[in-house]
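Colleague: Here is how the chains run, residue by residue.
Protein chains: 2
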Amino acid sequence: MSLPDRYHPAVSAALSSIDVTALRHVFFVACGGSLSIMHPAKFMFDQHASLPSDVFNAAEFVARQPKRLGPDTLVILCSMTGTTRETTAAAKFAREKGAVTIGLTVDPDSPLGAAVDHPVKFEAPYTTGVPIDAKDSNYSIIYQIVMGLVAASGGEDLTGVLIESLSGLQAVIDRAQETYAPLWDRYAEHFAKQDVIYTMASGASYGAAYSFAICVLMEMQWINSQAIHSNEFFHGPFEVLDETRCFVLMKGIDSTRALDERAEAFLHRFGRAENILVLDAAELDLAGIDPRFQGNVVPLIFFDTLWRFIYKVADHRQQVMLDGRRYMKKLTDY
Amino acid sequence: MSLPDRYHPAVSAALSSIDVTALRHVFFVACGGSLSIMHPAKFMFDQHASLPSDVFNAAEFVARQPKRLGPDTLVILCSMTGTTRETTAAAKFAREKGAVTIGLTVDPDSPLGAAVDHPVKFEAPYTTGVPIDAKDSNYSIIYQIVMGLVAASGGEDLTGVLIESLSGLQAVIDRAQETYAPLWDRYAEHFAKQDVIYTMASGASYGAAYSFAICVLMEMQWINSQAIHSNEFFHGPFEVLDETRCFVLMKGIDSTRALDERAEAFLHRFGRAENILVLDAAELDLAGIDPRFQGNVVPLIFFDTLWRFIYKVADHRQQVMLDGRRYMKKLTDY
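If you read the protein sequences in the order shown, they are chains P and H.
For reference, each letter of the first sequence is one residue, going 12 to 345 in this note's numbering.
For reference, each letter of the second sequence is one residue, going 12 to 345 in this note's numbering.
Note that these hints are calculated values from the structure, not bench results.
Check each hint, because a few of them may be wrong.
Any copy, or any two copies together, can satisfy a pair, since identical chains are not distinguished.
[As the list claims (entries may be wrong)] Only pairs whose alpha carbons sit at most 20 Å apart, straight line, appear in this in silico DMTMM-like list of lysine to aspartate or glutamate:
#, residue 1, residue 2
1, LYS132, ASP253
2, LYS341, GLU175
3, LYS78, GLU167
4, LYS146, GLU275
5, LYS323, GLU189
6, LYS323, GLU107
7, LYS132, ASP344
Next comes chain P alone, as it looks inside the complex:
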């Protein structure tokens, strides 16, 4: 098959060199924030592909040794810097088992880049400090891989539609910043006083809720958190809801939206409005994104726009953003 010209060249090169029709399983493998993008990737894959897949933390993947791993399996890994030891180890382990490996990183010369069959470079604003175009982000790359695999394995070829949508995504995000800006002003000071803030989402957006909970609230602001699945909420977690508890609900527009709506109704029934920050994707102007991918790009919009919120929160907490860590990037011997 041939992919559209505008596809990421390294994605096109990787997919054209892999016998996709012979694949029998895809593993999405990473740690932390990079693992969080694997959840929406699997969501997209589950809805479009006939191939089975799994999402695993990299160390879990190696220790678990899934029996299905072997020749004719594809392992897609991601580490922003390419220096995450567990992810590099997972790439080596996968290759030893005969699997084909694709590794996403901002630095193809990194250990992960060197360990995989097919390194694919993406851009991240956190490494350069310079704004990037969303079509060059990790989300964009993983989605290009997913829909490329779908097309090459006999599914519908939506690669042209996808790349068109991804090319228009940055303008959508820029508009979303304006849409959500009033929320940040309304909630930042109050949320900055909290010791616990839960995030909640489902479907394509669950990964963004996970990332915001563990990489932003916990890691950067030392605020206790958990990414609660919008339906799992009703099977235990909702009992912590009272008039003081704060939540960030990411209300998507994919096929799981009703789950978020039910959670929102409950939050507003028993919680207080000042504690319930709802990002509703239905309020966004998604012109330029094909309806078939609007639900999928939403988590990227949520995560990107929430950076402005957390900077405002951090200002109120007087904790230096991105540098306020105790352990990460400060310790090396663990």
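Once you've looked at the hints, dock chain H against the given chain P.
Modeller: Chain H in isolation, oriented as in the chain P frame:
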């Protein structure tokens, strides 16, 4: 194939009526505490089976509509009372798609029991108030299904070894109560004062950590929590660790034990001993359990023994155990 005589009759009946060799996917589907047992089921399945599988919250499963769902797929569901609406809806949805369904419940006459092709009854102490034998528990049943599927789909037949191990499990749990009892006395009063307690585990035990976090700490004690995967801990969550933060670490003996050991070392390096409750499965007397299944039965032991801990915690919190809920079983209109 024929399963051992001591296998649960309904499991044997279900598996003998299903053409397992024709299956191409297994879905493990439930909500909350019942979902938590699907994680160790998948762990066992991943290590023994050549069939692919997924674990989904029941509402997510229906809304996601995985493309692989259809004829020649098996959907295994669980709801203790059999009245969980999302799980019953998932069973109906799966059957409409042509899948075969097995439903675990204490009440085969419940809505879930009526909605599935093959209801399988298990025992739960929470419904009868009477102690049960662990071989009749939900964990035991799901493991019998998993290893039955493995044997029937061309994998190694360990069903005899498994049922022998499960038959000896209650004695192991009874001994484990004594092993861990000193921990409960040491930690209960201090943990009762906490507003946040994290749980942590990996591999076979992750589900037990999830269940203890959302169904026990959050639901029954209104203590904020998150089940942190032992390796994901190092990719964000560990930044909330300080001299005050409390953790329950479930240190298993399956193939992921090294992940828990690394987390434990870090917890003890930067946390305080009084805040770090470690349940180490290596301290247990597992005589009677075949070494090939020792790692798998550990989460059941952890979860069962921790009940005694949470009763002690609840005593200190003066919050009535199991009845101290705001919403669950009190509201019906949500």
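Colleague: Given a CA cutoff of 20 Å, do LYS78 and GLU167 count as a within-copy pair, a between-copy pair, both, or neither?
Modeller: between (29 Å within a copy, 12 Å between copies)
Colleague: Is it within, between, both, or neither for LYS132 and ASP253, if the alpha carbons may be no more than 20 Å apart?
Modeller: neither (45 Å within a copy, 36 Å between copies)
Colleague: Between the shortest in-copy and the shortest cross-copy C-alpha distance, which are at most 20 Å for LYS323 and GLU107: within, between, both, or neither?
Modeller: Cα proximity of LYS323 and GLU107: none, with 46 Å in one copy and 49 Å across.
Colleague: Give the relationship of LYS341 and GLU175 under a CA distance limit of 20 Å: within one copy only, between copies only, both, or neither.
Modeller: Intra 41 Å, inter 50 Å, cutoff 20 Å: neither.
Colleague: At 20 Å max between alpha carbons, let me know whether LYS146 reaches GLU275 within a copy, between copies, both or neither.
Modeller: neither (31 Å within a copy, 40 Å between copies)
Colleague: If the cut is 20 Å between Cα atoms, do LYS323 and GLU189 qualify within a copy, between copies, both or neither?
Modeller: Within one copy only: 15 Å inside, 51 Å across.
Colleague: Given identical chains, is LYS132 near ASP344, meaning Cα to Cα at most 20 Å, within a copy, between copies, both, or neither?
Modeller: neither (28 Å within a copy, 50 Å between copies)
Consistency note: the structure conflicts with the earlier hints numbered 1, 2, 4, 6, 7.
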